Each structure stands twice: as structure tokens, then as C-alpha cells.
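Chains as they are written, first to last, in the numbering used here: chain H, 1 to 270; chain S, 1 to 270; chain L, 1 to 270; chain E, 1 to 270.
Calculated directly from the structure, the hints in this document are not laboratory data. Since the model is a prediction, treat every value here as computed from it, not as a measurement. Be careful, since some hints might not be right.
Among chain L residues calculated to face chain E with C-beta under 10 Å, some are [stated by the list, open to error]:
hint : residue
1    : Y2
2    : N3
3    : N74
4    : E77
5    : L80
6    : Y178
7    : T202
8    : V204
Just so it is clear, CB atoms sit at the ideal spot from N, CA and C, and this is done for glycine as well.
4 protein chains.
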Amino acid sequence: MYNLLKGKKGIIFGALDSNSIAWKVAERAHEEGAVFVLTNAPIAMRMGEINELAKKTSSQVVPADATSMEDLENLVEKSLEILGGKIDFVLHSIGMSVNVRKGLHYTNSNYEFTAKGWDVSALSFHRVMNVLYNKKAMNEWGSIVALSYMAAQRVFPDYNDMADNKAYLESVARSFGYFFGRDFKVRVNTISQSPTPTTAGTGVKGFGGFLAYAEKMSPLGNATALECADYTITLFSDLTKKVTLQNLFHDGGFSNMGISDVIMENFNKE
Amino acid sequence: MYNLLKGKKGIIFGALDSNSIAWKVAERAHEEGAVFVLTNAPIAMRMGEINELAKKTSSQVVPADATSMEDLENLVEKSLEILGGKIDFVLHSIGMSVNVRKGLHYTNSNYEFTAKGWDVSALSFHRVMNVLYNKKAMNEWGSIVALSYMAAQRVFPDYNDMADNKAYLESVARSFGYFFGRDFKVRVNTISQSPTPTTAGTGVKGFGGFLAYAEKMSPLGNATALECADYTITLFSDLTKKVTLQNLFHDGGFSNMGISDVIMENFNKE
Amino acid sequence: MYNLLKGKKGIIFGALDSNSIAWKVAERAHEEGAVFVLTNAPIAMRMGEINELAKKTSSQVVPADATSMEDLENLVEKSLEILGGKIDFVLHSIGMSVNVRKGLHYTNSNYEFTAKGWDVSALSFHRVMNVLYNKKAMNEWGSIVALSYMAAQRVFPDYNDMADNKAYLESVARSFGYFFGRDFKVRVNTISQSPTPTTAGTGVKGFGGFLAYAEKMSPLGNATALECADYTITLFSDLTKKVTLQNLFHDGGFSNMGISDVIMENFNKE
Amino acid sequence: MYNLLKGKKGIIFGALDSNSIAWKVAERAHEEGAVFVLTNAPIAMRMGEINELAKKTSSQVVPADATSMEDLENLVEKSLEILGGKIDFVLHSIGMSVNVRKGLHYTNSNYEFTAKGWDVSALSFHRVMNVLYNKKAMNEWGSIVALSYMAAQRVFPDYNDMADNKAYLESVARSFGYFFGRDFKVRVNTISQSPTPTTAGTGVKGFGGFLAYAEKMSPLGNATALECADYTITLFSDLTKKVTLQNLFHDGGFSNMGISDVIMENFNKE
Chain H
1 MYNLLKGKKG
11 IIFGALDSNS
21 IAWKVAERAH
31 EEGAVFVLTN
41 APIAMRMGEI
51 NELAKKTSSQ
61 VVPADATSME
71 DLENLVEKSL
81 EILGGKIDFV
91 LHSIGMSVNV
101 RKGLHYTNSN
111 YEFTAKGWDV
121 SALSFHRVMN
131 VLYNKKAMNE
141 WGSIVALSYM
151 AAQRVFPDYN
161 DMADNKAYLE
171 SVARSFGYFF
181 GRDFKVRVNT
191 ISQSPTPTTA
201 GTGVKGFGGF
211 LAYAEKMSPL
221 GNATALECAD
231 YTITLFSDLT
241 KKVTLQNLFH
251 DGGFSNMGIS
261 DVIMENFNKE
Chain S
1 MYNLLKGKKG
11 IIFGALDSNS
21 IAWKVAERAH
31 EEGAVFVLTN
41 APIAMRMGEI
51 NELAKKTSSQ
61 VVPADATSME
71 DLENLVEKSL
81 EILGGKIDFV
91 LHSIGMSVNV
101 RKGLHYTNSN
111 YEFTAKGWDV
121 SALSFHRVMN
131 VLYNKKAMNE
141 WGSIVALSYM
151 AAQRVFPDYN
161 DMADNKAYLE
171 SVARSFGYFF
181 GRDFKVRVNT
191 ISQSPTPTTA
201 GTGVKGFGGF
211 LAYAEKMSPL
221 GNATALECAD
231 YTITLFSDLT
241 KKVTLQNLFH
251 DGGFSNMGIS
261 DVIMENFNKE
Chain L
1 MYNLLKGKKG
11 IIFGALDSNS
21 IAWKVAERAH
31 EEGAVFVLTN
41 APIAMRMGEI
51 NELAKKTSSQ
61 VVPADATSME
71 DLENLVEKSL
81 EILGGKIDFV
91 LHSIGMSVNV
101 RKGLHYTNSN
111 YEFTAKGWDV
121 SALSFHRVMN
131 VLYNKKAMNE
141 WGSIVALSYM
151 AAQRVFPDYN
161 DMADNKAYLE
171 SVARSFGYFF
181 GRDFKVRVNT
191 ISQSPTPTTA
201 GTGVKGFGGF
211 LAYAEKMSPL
221 GNATALECAD
231 YTITLFSDLT
241 KKVTLQNLFH
251 DGGFSNMGIS
261 DVIMENFNKE
Chain E
1 MYNLLKGKKG
11 IIFGALDSNS
21 IAWKVAERAH
31 EEGAVFVLTN
41 APIAMRMGEI
51 NELAKKTSSQ
61 VVPADATSME
71 DLENLVEKSL
81 EILGGKIDFV
91 LHSIGMSVNV
101 RKGLHYTNSN
111 YEFTAKGWDV
121 SALSFHRVMN
131 VLYNKKAMNE
141 WGSIVALSYM
151 AAQRVFPDYN
161 DMADNKAYLE
171 SVARSFGYFF
181 GRDFKVRVNT
191 ISQSPTPTTA
201 GTGVKGFGGF
211 LAYAEKMSPL
221 GNATALECAD
231 YTITLFSDLT
241 KKVTLQNLFH
251 DGGFSNMGIS
261 DVIMENFNKE
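One chain only, chain H, in its complex shape (with noise of 0.2 Å):
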């Protein structure tokens, strides 16, 4: 709508149906006149209906493991192909835990779940950002930008080991955004997003509860996963190029808000 993203080249992780984020993205980006390559875990794509999304944006597609070094490699190496030239902006949505798909309660947890959870939800982005860094895949002034969620610093009880994982993605961000700063002019931020009903986050145990409890909460209501794909959307523009190192909360005023009027009523209702 506003050619925000004119010529600009990207990759975006984690578009797996029509409720995802990054789905969004890929859609807003598509509008702001971006072209990119879309990418998710082969399983997930199997599950997904990326398919359309690649049509609907005129995208294509490269399969990719975010665990694995290889996999990462031959992505960034076709999408450097594919889009002719050095990337602009990445957006990594990807996040899972399997305790939590395994209703494990976070004080009886599986290491080995734990460790999976950590390697795909949060080394991930390390790894996505080693393979840019080191094949200068990145153009000046380009944009790195991962999603999580404000349980990186308050407790939220059914978050399980994701927020411990949001919390080593958010450190991750801050870490590797030094070096490519100072090495590539590139910015590296993650945006704090509201509780969003994706397919994802509806799996959590009472989300349903908790979205309600968020919008009541903030001052402006949750914010939707379109409304975080606009955001997004300026973090990848070039009005934003000194954004760098932050965790910025897009949602609704929750983050910074002790208690709303509407939830004190709520409670002394009782």
C-alpha cells in the first residue's frame, strides 16, 4: 500500500497457515513490494498450506530444517539465487515446545524435550544468523527481526520452557546484533507480541482464558497477528534504521501496564 518495502529481497521462516504471523508478513510484504523467499521446517510444510501462500505472492518455496547447518546453508544459497541478489530482511517466527505438546509440567520436565525445544525455538535464530553473517548474505541496512513473547521476562505458568527458550532468543538478538551492526550495518530486533490465536499458540493450555484476560488487560486490546505484520513491516523499512538490539512489545499497552480497571472490576466482582 505504501511501497514501503520497494525492491526489497527477504527471507520469512515460519509461515505455516493463514492464523500465522509470519504468514501475514509474507502477505504485507508482498503488498509493500517486497519479493522473497518463504521457508518452514519440512514437517511443518507438510502440515501447511505454504503452497498458496508462495502463489499468492508470487514466492518460492525452499524447504529448510532451522536446526540444521546444512539445511540453513542451501536456503540462504538458493535465496540469494533465487532473489538475485543480497537479502534485506528476515523475519524468524518459528517456536515449539515439546513439553508442552507432551503436557509436561515445567517443574517435571524431559531434558531431552527441553534441549529440542531450545535448539529449534531459540538456537535456531543463531543458527539462521550465523549462516547470513559468515556468507555476507546480508545487504547494508538490512533488517533481521524474530517474534516472542513478554513471558521472556514474567512469569506466565502455562508458557512452560518457551519462555526460558524467548528469553535466550531475545539474549540471542542482542548478542549477534552487536557483531552484524558493527560488521554489516544490520539490525537485529525481536517484537514482543501479544498473546495471538495462531495454530500454534492456541494449543497452549488455557489460551483461550488468557487471550481474554490480555485484551482486558491492555489498554488498546491485543494486538492481531496483522497488526504485528504492519509492525513489522516498518522494523524492515528504512525508517527505522537505528532500531537495533531491542525487544519491542507490540501489544496493546500490556507490557507496561500493573493492573487495568476492567480486570480490578473483574476481581472485586467476585
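Since the structure of chain H is already known, use the hints to place chains S, L and E on it.
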């Protein structure tokens, strides 16, 4: 360039001269299709070149002392008239410490000066929002931004009582932002900008050295006034509707640095 | 009980009655072997029972309006005399919003009230440190503590302009704390305490409900006034010499909670 | 000296040699009347002088690899036996990056090394609490502390993947701390300590220069290992019962400094 603010109406406080961040915001807002009223304290306007800016951006100027409720009420009323409708965005870029101007050390403040600086730099933001709120002068999904500095969080000895004023300012953004969000769907944020060689900034003792230091600490270097204007435009646009109550660092990464390699080398040379 | 403050000399502001945190600090400091001067505003003293506390803790009372430099200078001079030496610890427990007292909503402040509340609640901390600093009244490794509240960081709608005052207070702790540390090896911190049913606290609108809410949100429950006094003692002791410029949450964990199971259940019941 | 831990029982991880913070904590805890079990990884114990410490503090040593659930279960069972009752305090002072040891740059990590370092430095804290929690081994109002570093929040380029490990560690403190608080009234916190010339610390590249830098940035200078031990004692004592889920900076003020006068002068000299 992108029509990001097409049809939007605003009020911009604090464009003193072409070094001002507010000046750059006005120029950029104009380029993005906004119409707005420029305002500044009568005394600042005599020193400044605001009429030149007004001509350049087809704006009108309405003088207002931001510590005077009467002036602010007049400003908002006139603005609604001039712009032919409610306000979509407001920039508060006002700050001044009498203690700094008079060369008084922080440990030796004159409290009348402190109170005056607080009124001008911090309470003025409450006053501005008070008038906008009570006159129901903002459109839904409007955006209010004030400029701040990281001294609100961390110690920069020469920043004197402006540090405390900025802390108050950022708190006002949260406090009033809650009511503005809840009642009018308006968002309120502060931008915590790199040290910037504005006419005001360069007056601070040792500013040049500090600017060089911040440049070397920040992986992307300091953010300029123009880059700050670009960033501000994104916060006024419809792409950031759910960002509120935030203090957003726009500083090339400075705020999340412990130390940079360059600063460390510099230190080791000694 | 532990002789943690044996031989230490202090000044304690703000012991209104036996519900006051400052009152508990005085009792605990006495038990730990400290000697100190009690002080409060003349007007608060008429309402309070400070003489009883003085007797109980073998202390003298020196009235001082914390917004009057003359009073504060007199207080510090008298204290040095009474205690027979320099000061090791100071507690600032002073806060009052005229807007709250008069029932004015935050969006409808009276700015004379706002200025008065700011002077009493926030600037007073600067004044106190100013006098102590310039009179060189503190011993090396002394400790200055002010009581704060989390509304300085997050929105609690009914806390009104006290939120902004606390943000300013915490900033003053950092700003002055730097000079006090550098020049006198004195540390300065704020304690961000749970909502506490003091005579002042219970006056805030909806306090009872909020107290219950905080209790349920905090994994360890709210911190009591006595527990706050215990914590303050550790900050006055020689065991925390290198803790400075910090805002320390003493709140049963509230500050780092996103949501607790109990609050969520409560919400879901609705 | 104060009997602050009289009758309290503990487990102390990580006393390698007399430079270790854990070593100082053991000495101070002994002085304050505590009894405890010392533990370390078998491999670290062969290098260390832990038996000397055990003799000095009348403690027993139970070796345990903190990445082995079997070892940790054995440790906790033995400790309950040796100490004749439940545990009141635990210190986790464990950290090691294989990437750092092998001299691999952050942008060129070996992910097996990364995983190993994460397991040792961060996940181990979850494992320790898991065993304590599920064996119901902690007394009510017990206290668990892990040592951290500010690289969890801000970039220190040479700290490598230990930054990310510390971010994960601090998140685990919050996540597990919630359940430990809710279910057993046990508090969990991390101390974010000044750079400290321990045997581990001095191994980090450029450590000496950085130590000097931090010393000059901090208004009170760096906190020593002994001072950290003193501070840890307060967190184990009954005077801090309601402090939980916190990351507590013990650093002479470094964490809240933007710049100090000394560093600025140093920089300007150049």
C-alpha cells in the same frame, strides 16, 4: 515519499531551527502527506526560524507556552479549526533545564530552577494531553509521541536534572497513555533518542566528547535527527496502532550495550 | 536480634503511626543496635504518635518539613549533634498527592496540587541528599534508602500522579546516588514495596481490592511493613556495601509476574 | 559474625578454589552459623581445593555433575541425611562455555559446544531445582540463589554464549521461582555480580582491561567476591523473605550507569 501520513492532521511542538528533531519531523510529515500546526513557546519563536518552516510545509504557526493551560487550550482550539477536524498525531519535543543553563551542578540545584525545568520539560506533556483529552480533540487510533533520553534510566552525570525530568515525562506517557488508550484508542509513546547535535543538545557541557563516545559505543552509530524523524513517522502511521505505553530506544543500539570493542580498545590503549 | 546495625547512626523520615513502614524500620533498627533521629513534617507529627516511638527506641525527634531547606539543614545539624557523629543511614518514606486527597482524577489534575505533591514526594529526596552531601554529613559506606512503588514502571490507574512522583524519586536516587557514591562511598537505593496497608496507603481508592489482587498475583504473597523493615535493615547493614543506584522490588514476586494461576482461575470463573 | 544463618542448612555448588565466589559464600555462611554440603563436578574437584574448604567449614563434600539427574538426586538425598533435615538455602555458582574455552568467536560457534555450555551453565539450574522441588527437599521460606552477569541484559562482546546462557538462567529463576514460591514458600533469585577475578573469570579474553573499565564506570567500584558473599548471606537470611523472582545487581552501580566522569575524561584524553 510513501504517503504514510496521507490526510493525517497533527500538532508539532518544538521546532526551533533546522537542527531540531521537531523540524525534521515537520519536514518528513509534510513529505508523507500530513497537514499540521507548528507551535513553540513565544520566546523560542523569536529566536527561531519557524516561519520559514511553516512556509516550506504549508503550515500555520500558533504560539503556545506549554506551561500555560490558556495557551494550550487556545492552541488546540485553533488547530482543530485550522486543520478542519480532529488531531491524528502530536509531537512533544520540549525540554529545558534552568540549572543546566545557569551552570549549577546537580548536587547544588536551585529548586526554583528545578521546578521551572520540570514544568517546562515534563509536566508540559501532561498539560498537553490533558487539553487534548478533555477537549476530545484526538481521532481514534491517533498517536502522541514525546522525545526522551536514556538518562531517564541510567546516569549521565552532565545531564543534570533533565534526567529526572525525562523519567517523569516517560511516566506521564504511561499514566496518561492508559486513559487515552482506554477511552479514545489513542496511543502514547516516548522515543529515547541518541544524543543529537541540536541547538539545545550542543549546549550541554562536554557534549562533543559524549557524542563521539556514544558513536563508538553504538554498533550502528548514533541516530541522526533525520533518522529520528523517519522513526517518528512510523509511530504516527497506521502501521503501529497497537504500540503504546512504550519508551522506544532509537539509538543505534547504545541502550543495550555493556561495552563495544572500539571503546574497550580505546580504554586499553591508555 | 543480629546486631546488624550496632553503633550505626541514622535519620528516619516518615514514621506517622505504628502502621508506617518507617515506624517498623525504626523499631527494627533499634533492635539491631542503631541509634537515630526521628523526623516528620510538623503537621504530620501532630496527627501521629511519634513521641511514643521515640520513647520506645530511645530516640529524639526533630521536626522537619522535607520541602524546606532550612528545616532540613536544621535537622541534619541537630542530628549530627545528637548522634555525636556522622550519619550511616537515612530512610526517606514520604509521599503525598494532593490530587488524590482532593479526589481529582489523573486526567483532570490541578497543577498546583501536582507541583505540591511532586515537591513533597519526590523533590524532597533531592533536598535531603543535597543537605547531607553538602554538609558532608554521611559516613563512608553509608546507605540512603527511599521507599517507592511499582507504579513508577507500570500503570496502576488509581495511583494517580504518585506514579510520576515515584518515577522522579527513583531517578533522583540514581542521579544523586552517582555523586554520593563517587565522592563519599555512600550508596543510594529505592525499595519498591508491595502495596501496604499503612494509614497513607489505605486512603487510596479501591485499596482493599487491590491488596487482595496483589496478594493473589504474588507467589509469596504481599510483603508486610515489618518484612519491608527487615529488608531495609539489610540495606543499611555492612553486608550490602556495593548495592547502589538500584530500585529493589520487595513484593513477594509481583513485579515479575505476568499472571498467576489463582488470578487466571478467578478470571475464568467469570 | 551476626548469626544470620544460625541453624540453617544449605548446599553450595561451585567452590573451585579460594578465588571462587562460592568459596567465600561457604566461609561466610559458616561464620554466620550455617551448616552445609559442598558440591562440585567431579572433574572440577580434582582441580580444586574443596577438601581444604570442607575441613575449614566442617562440611562434607558430595560430588555431583550438575548435568546429571542421577548425581543431583544422590546429592540431595545425601545432603538431607548429612544435614539431618530439609534445606534452607542453595547457591548455584556454575558456568562454563566450551566455545570460550576453545577460542571460538560468537559468530562462529560450534553448536555442540553451545549445547554443552548451555546444559552446564543454565539448564543445570533447572535440574537442581527440579530435584529439590520434586523431593520436597526445601524448608518453607528457604532461599535459592544463582550467580549471573549483566551480559544477560547488555552486550559484552567477549562474553560470548555465556551471555545467552545467563539470560536463560535468569529466566529459569523466574519460571521455577513461581512454582517454588507458590507451592513451598521458597524464594529464587539471581545475583548479577560485577566482573570478578575468579579463576573462571580471569580466563575470559581481555578480562583485565574490562575489570579496570568496570571499576572506573562504577561509582562504588567493582564488588569483590567477598562482598558478593556478604550480599548472598542477606538473601539466605530471614530478613529477605519476600524477595523473589528478582535479578539483583551487585556491582557498585555499574548497571545503572550511562557513563561516569572518569570514563569520559579517559575517552576525551585520546
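Structure-based check of each hint:
1. Among the interface hints, the one on L/Y2 holds; its C-beta lies about 4 Å from the nearest C-beta in chain E, closer than the 10 Å criterion.
2. At about 6 Å, the closest approach between the beta carbon of L/N3 and any beta carbon in chain E falls short of 10 Å, and the interface hint on this residue holds.
3. The beta carbon of L/N74 comes no nearer than 29 Å to any beta carbon in chain E, farther than 10 Å, and the hint placing it at the interface is violated.
4. A cut of 10 Å between beta carbons decides the hint on L/E77: the least distance to chain E is about 27 Å, and the hint is violated.
5. Taking 10 Å as the C-beta cut-off, the interface hint given for L/L80 is violated, the closest approach to chain E being about 23 Å.
6. Contact between L/Y178 and chain E, as hinted, is supported at the beta carbon level, the nearest pair being about 5 Å apart and thus within 10 Å.
7. Given the 10 Å rule on beta carbons, the hint for L/T202 is violated: about 20 Å separates it from the nearest Cβ of chain E.
8. A least Cβ separation of about 21 Å between L/V204 and chain E goes past the 10 Å threshold, and the interface hint is therefore violated.
Hint compliance for this structure: hints 3, 4, 5, 7, 8 are broken, all remaining hints hold.
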